[in-house]
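A.B. asks: Sequence:
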Amino acid sequence: MTKADAFAFRPSAYTALVLRQVLAHGPRIAGGRVLDIGCGSGVLLAAAADMGAGALCGVDIEPAAVQETARLLGALTTAARVEALHGSLYAPVAGRHFDVILANLPHFPMDHAAIDARLSSWSDGGDSGRRLLDPVLAGLGAHLAPGGLAIVAHNAFVGLEATQDIASAQGLTARVIDAMTVPIAPEKLGHMTVEVLDREMGRSLHRHGGHVFAEVLALAIEHAGDGT
1 MTKADAFAFR PSAYTALVLR QVLAHGPRIA GGRVLDIGCG SGVLLAAAAD
51 MGAGALCGVD IEPAAVQETA RLLGALTTAA RVEALHGSLY APVAGRHFDV
101 ILANLPHFPM DHAAIDARLS SWSDGGDSGR RLLDPVLAGL GAHLAPGGLA
151 IVAHNAFVGL EATQDIASAQ GLTARVIDAM TVPIAPEKLG HMTVEVLDRE
201 MGRSLHRHGG HVFAEVLALA IEHAGDGT
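For the sequence shown, position 37 (counting from the first letter as 1) is numbered 37 according to our numbering, and the numbering increases by one without interruption.
Hints in this document: simulated from the structure, not taken from any laboratory.
Check the hints yourself; a few may be wrong.
[Said to hold, decoys possible] Straight-line Cα separation of at most 25 Å, SDA-like style, residue types lysine to any residue; simulated pairs:
no. : residue 1 : residue 2
1   : K188      : M201
2   : K188      : E215
3   : K188      : G31
4   : K188      : S128
5   : K188      : R131
6   : K188      : H206
7   : K188      : I61
8   : K188      : H211
9   : K188      : L217
10  : K188      : G202
11  : K188      : G209
12  : K188      : R10
[What the hints assert, rightly or not] Computed spacing ranges between beta-carbons, pair by pair:
no. : residue 1 : residue 2 : range
13  : S128      : P186      : 42 to 50 Å
14  : R131      : P63       : 15 to 23 Å
15  : A94       : A224      : 20 to 28 Å
16  : H211      : A75       : 19 to 27 Å
17  : P27       : R207      : 23 to 31 Å
Backbone N, C-alpha and C define an ideal beta-carbon position, used for all residues, glycine too.
Let the hints inform the model, and build the full structure from the sequences given.
C.D. replies: Here it is, written out as structure tokens:
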């Protein structure tokens, strides 16, 4: 792995937000089938393995991410079935069901810009930030097993209500289970869609002392009537 690859695969604050919820939901992960869409480094699946998951499946559009996930999971001592699949979103797992689905997706409102050494596909969420988020949300109903749970990292500035509407249309509920505030680097802020920046400044984006901070949520999405 090159130095650039090592930087690109370094876990982020978003990774840590989802990771905390993986650890908090150990009883629901134990023995279960876990899917990570946009698996990146594979560290979330490694945490699920530590929680006793019965099967681990990572999917990513970037071959380097699939290779890194396979390497990381291959080094674990686990009885879980392990898969690292190359492809877009649910395509490699069509027709399959999972007890836990993890998603820390590129959903920054921008278009085809690389930040630092990270690939553009790891931040770029299109003009609205929802280019990948929406199809992943729309596929949850078809891929979540009964009693299943999805844990999703979600920038507040891309619209929580829209996410809840997509979930509700499938008989699912989406609720906030954790949150954090993160700084947005000037070079990244410069790529943000102007419409989103103008709409969200003072709402989910806040400027203090010349720096801009954003609210980031962790969502639990599950079948209506379930609950943690």
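A.B. asks: A separate judgement is required for each hint: does it hold in the structure or not?
C.D. replies: Comparing the hints with the structure gives:
1. K188 x M201: 15 Å, holds
2. K188 x E215: Cα-Cα ~15 Å, so holds.
3. K188 x G31: With Cα atoms ~39 Å apart, K188 and G31 exceed 25 Å; violated.
4. K188 x S128: 15 Å, holds
5. K188 x R131: Cα-Cα ~18 Å, so holds.
6. K188 x H206: 15 Å, holds
7. K188 x I61: Holds. K188 to I61 sits at ~22 Å (cutoff 25 Å).
8. K188 x H211: At roughly 12 Å apart (the allowed maximum being 25 Å), H211 and K188 satisfy the hint.
9. K188 x L217: 19 Å, holds
10. K188 x G202: 18 Å, holds
11. K188 x G209: Distance ~17 Å between K188 and G209 Cα, so the pair holds.
12. K188 x R10: Status holds; Cα separation ~17 Å.
13. S128 x P186: 42 to 50 Å: 22 Å, violated
14. R131 x P63: 15 to 23 Å: With a Cβ separation near 20 Å, R131 and P63 satisfy 15 to 23 Å, so the hint holds.
15. A94 x A224: 20 to 28 Å: 24 Å, holds
16. H211 x A75: 19 to 27 Å: 38 Å, violated
17. P27 x R207: 23 to 31 Å: 41 Å, violated
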